[in-house]
Amino acid sequence: MDKSGGAVRIGFYVCHCGHNIAATIDVAEVAKYAATLPHVVVSRDYKYMCSTPGQELIQQDIREQRLNRLVVASCSPLLQEATFRRAAERAGMNPFCFQMVNIREHASWVHEDRKAATEKAKRLVKGAVLRVFHHRELVQKKVDIRPEVLVVGGGIAGIHAALTLADAGKKVYLVEREPTIGGHMAKFDKTFPTLDCAACILTPKMSAVRSHPNITLWTYSDVVKVDGYVGNYKATVRRRPRYVIEELCIGCQDCVAACVFKEPKFPDAFNEGLGKRKPIYLPFPQATPLVCVIDPETCLQMKTGKCKKTCVEACGDRKAIDFSQKERLQEIEVGAIVLATGFRIFDARRIPYYGYGTYPNVYTALEVERLINASGPTGGEVLLRDGRKPERVAIIHCVGSRDENTNRWCSRVCCMYSLKLAHLIKEHTGAEVYNYYIDIRTPGKSFEEFYNRVASEGVHFIRGKIADIYPDPSDQGKLIVQGEDTLIGRVLKTPVDMVVLAVGLEAHPDAGEVRRMFNISCSNEGFFLERHPKLAPVNTFTDGIFLAGCCQGPKDIPDTVAQAGAAAAEALKLIDAGHVEIEPNTAFVVEEDCSGCKSCIPLCPYTAIVFDEVKKKARINEAACKGCGTCVASCPSGSIRQNLFEDDEIFSEIEGILAPE
Amino acid sequence: MNPQGGPPAAAPGEWQPRIAAIFCNWCTYTAADLAGVSRLKYAPNVRILRVMCSGRVDPQFILKALAEGADGVLIGGCHPGDCHYVEGNYKMLRRFRLLRRMLADLGIEDGRVRLEWISASEGDKVRTVVNDMVEKVRALGPLRLPERLKAWDREIGSEEVKSHG
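Taken in sequence, the protein lines are chains A and B.
Every letter in the first sequence is one number past the one before it in numbering that gives the first Met the number 0, and letter 112, counting from 1, is 111.
Every letter in the second sequence is one number past the one before it in numbering that gives the first Met the number 0, and letter 146, counting from 1, is 145.
Watch out, some of these pointers could steer you wrong.
[Said to hold, decoys possible] A few chain A residues that face chain B, going by a derived Cβ cut-off under 8 Å, partial list only:
no.: 1; residue: Leu-77
no.: 2; residue: Arg-103
no.: 3; residue: Glu-111
no.: 4; residue: Arg-515
no.: 5; residue: Asn-523
no.: 6; residue: Ser-633
By construction, these hints were calculated from the structure, which means they are not laboratory data.
Backbone N, C-alpha and C fix where the C-beta goes; we use that ideal spot for every residue, glycine too.
Next up, chain A with everything else stripped away, as it sits in the complex (with noise of 0.2 Å):
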């Protein structure tokens, strides 16, 4: 008899999974051995346990067998108890008198021996069986979902998301660390294989985000506390001034002109450092918004409060300049949460025999882009530093990218920017382009003719990793590329005028801090991890939080914008349905047996313990509960349940798993 007084009636089914489990566990006997365990009434195995004759043999026996318990022995949990929950209430079973024991990714997947991982497999159902016993039936919790969305990061991913939501009608705040939106693809010149410009697909929708209705755009801001659940996050925004009002300044600039520095003599960051800007600037041409910034490192007035605040008279009338502006903190309530957050590239500093940093003509990929682009320090003129012209180029494949020594994993799009930068170079100096590369890898729509058509220009491609760049002693102003051609197996010392190290992409210094504010987590590279790599590939471990674009890993503008989608699509369906079920999983107190000590209450991270006076017993309120059972487990009296984890199921589990053979 269960709690409920009735005869409890389990039914029992493991899957082949194909061969999956099959081919290691000997499912039959699993079959076999559940039926003699207590109250199960139906034990039997089947090729797919998932499919629909799967879900349907389950549910024909629920409703002819009166089962009022369902064990399934199959994949993980985390993949499809959702499926099987849905199965049994389809048929009239509470969804929550059901156990799912893992035996494929916990047990034939992970062991050899047959005969070990079929005993595995025995005590693990034997677990589950006795545990499912104490299962009670429980209802589902559903809560409402505000339909406005937040997007952390102004990037390509950032911008699509937010255009995608804001046009089907929903209220999106768009977060961007930066002055203004763009991200990398700001920066660059052309995309490949089609080559059309960056800028040109780039800024109307960058424009488009400015002016749309249903688009709040904070740009030099960042999310600096997040709280709350799924449908109803709370996020802490802090503004930083910009000493410029934003609503006041038109971008004409006169204020740049103005300038007591009559000359711009600081780093550019948009430029890469190539370019130089004034303490008060334009981050680029087309910033979004267009609004001038002012750098407080740099300029007179803020450093020494002595300054001719020439920039204040050339603003006149507009009076946009405000050197008193404060850092503002900016709470918003959201539904769902978009991160954007993107990548940085990899510093070529680390690995020093390639020169970075101590010969001026060798220059990252994205330096090169800037002296590419029309808008750029050079006028899209593709000079180095001493104003020459380059006649021979070397590009260097796989800087920071499938090297044991600094990152492994293959950052997707360099070999794909190399091509485009040797077409470019060629293009702009006719100089000849020697790329070093391990393999090209070029799988994507139109990639390889694209690889075709600049090999075809005359661009040379030699297969080799590069040991080392020095100065030309017989030449100054050259550097030795020296690598073998493992082709034909020789070393080769090749003079050029120019390096440009194809550097891989990397998650953000500080991405291990974002993901702890948000509570999800990151793959071992340090890019944020996706649910599932191939079924929940924009979806995260915390419901309602969502990733678009290279924060999740390196990918290229059209898989970005692919992905930006997809994720705005996972943060619309869950807006649309209007509420969102929850894990009923939640804590709470036995009245009777609670003595009123206090000590659940401090433990509780989200406050969700109440003391009442009058009754001197701890109250936990179920909406602010999120399941952790931590209070549960530090109870001395024993007064606090968990929903789906009480403590006599999981008694019978470990009972059932440690069950002699």
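For this one, chain A is given, so just place chain B on it according to the hints.
Relative to the frame of chain A, chain B by itself:
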């Protein structure tokens, strides 16, 4: 451990340790799933039970497992600072330190109960930790706590008879 990193080899007919593992849903359980998806091989002696957070692990679960005949208990949680529920893993760590002292008093060796931080991406750490633990517990030999408890019960029982006699 063998150099291939596979499970420690057990001689045929050799005594097999039984180890109960309690893993948190978000980090270590997911890491064990990842080990499976990556087809990493580890010793079959560990049976995994899932809780939402290592903070849910009541010391009684560990004692219950040992009393049910476990030769070792492995608890897995998120790394400090990474807990899905902010700080449940710290709460577990506190209890674990107290429990370890109590276990030592009971004569239960240190290596039998272990707390490990394994993040969702550390599938390989599940493999190395499990294999290492199985090897160490195998070296310690069977714990036989159920038999010992019975023997203690008998001792107490006979003393009671004496004192009443």
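Handout entry: Hint check: 8 Å Cβ-Cβ cutoff, A/Asn-523 to chain B
Key = holds (5 Å)
Handout entry: Interface hint for A/Arg-515, Cβ within 8 Å of any Cβ on chain B
Key = Holds - the Cβ of A/Arg-515 comes within 8 Å of chain B, reaching about 6 Å at its closest.
Problem - Hint status (Cβ of A/Ser-633 to nearest Cβ of chain B, threshold 8 Å) - result: holds (7 Å)
Exercise for the section: Mind checking the CB of A/Glu-111 against every CB in chain B and telling me if the closest is under 8 Å? Expected result: This interface hint holds because 6 Å falls under the 8 Å limit.
Problem - Evaluation of the interface hint that places A/Leu-77 against chain B, nearest CB under 8 Å - result: holds (6 Å)
Handout entry: A/Arg-103 as an interface hint toward chain B, with CB separation required under 8 Å
Key = Because about 6 Å separates A/Arg-103 from the closest Cβ in chain B, which is inside the 8 Å limit, the hint holds.
Checked against the numbered hints above, the structure violates none of them.
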